[in-house]
Amino acid sequence: MGLQAYLLVSALLFTIGAFGFMARRNAILMLISIELMLNAVNLSLVAFNAYAPDGSPAGAIFALLVMAVAAAEATVGLALVIAIIRTRKTAEVDQYADLKE
Amino acid sequence: MMVCFGSLAGMYALLGAPIVAAAQVLIYLGAISVLILFAIMLTQAGDANLPRPFHPQVWVAGLVALIIVGLIGYTVLQTDWHGALAVTAVSVETIATALFSDYALPFEILSLLLLVAIIGAIYIARRPEDDEGAN
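Residue numbers (our numbering), protein chains in the order written: chain P, 577 to 677; chain F, -12 to 122.
Some hints could be false.
Unchecked claim - Partial chain P-side listing against chain F, Cβ under 10 Å, derived:
#, residue
1, Gly578
2, Tyr582
3, Val585
4, Ala587
5, Phe590
6, Met598
7, Ile608
8, Ala634
9, Ala639
10, Val652
11, Leu654
12, Ile661
No lab work stands behind these hints, which were simulated from the structure alone. Because the structure is a prediction, the values reported are computed rather than measured. C-beta atoms are modelled at their ideal positions from N, C-alpha and C, and glycine is treated no differently.
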């Protein structure tokens, strides 16, 4: 039951992140939702690695790599959001519609 | 969000991956949470209460989310995980050896990516014609 419990928690976390990303209208909260989804994938990676019969460290290593990529993504994403909010004075993504036809 | 990140670090420690738990505490609890707090503080001082926090098609998003969690949960519960019985702890030394031998190329690419991200974030977030931006 151990692995299943971890995978269910991971699925739940991913779904909360996906729901937040789809339903929220604030750009920063959408970024937080992306972080939640990345964390869910990390949890499933580490869980699969811990229950693998051979003691290979691939899952933990990929979890570390995903963490670093998530940090880079959060940095650039928040910088972009701050730049957009500075020029547009709002955090709502529905009003960033300049590229619309 | 910070409670969630901290609980995830505890789960990693339970799963026998202490280095991942330590990295989770350092990166997420330490760095990303503070970054997001600063972003919220910098941007939403005036309009803390948005008129409608959710998208008008929120029920579609909820439906899709329910479908996703249903599918994943069904798959997880229906699969026979007979090979996965016990937690095998991976030592830090094993991870370090593999990270610098087998996975050296992703490691180097990752360092390059972090450098590019730092430069890009500084360039994007600085104010135009303001050389003393604190970013």
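Each hint, compared with the structure:
1. Gly578: holds, 7 Å
2. Tyr582: With a closest approach of 7 Å, the Tyr582 of chain P hint holds.
3. Val585: Interface hint status for Val585 of chain P: holds (8 Å vs cutoff 10 Å).
4. Ala587: Holds: closest Cβ of chain F sits about 4 Å from Ala587 of chain P, inside 10 Å.
5. Phe590: With a minimum Cβ separation of about 7 Å from chain F (threshold 10 Å), the hint on Phe590 of chain P holds.
6. Met598: Holds, about 4 Å.
7. Ile608: holds, 6 Å
8. Ala634: It holds, given that the least Cβ distance between Ala634 of chain P and chain F is near 8 Å, below 10 Å.
9. Ala639: This interface hint holds because 5 Å falls under the 10 Å limit.
10. Val652: holds, 5 Å
11. Leu654: At 5 Å from the nearest chain F Cβ, Leu654 of chain P passes the 10 Å test, so the hint holds.
12. Ile661: OK, holds: Ile661 of chain P within 10 Å of chain F, min 5 Å.
Taken one by one, the earlier hints all hold for this structure without exception.
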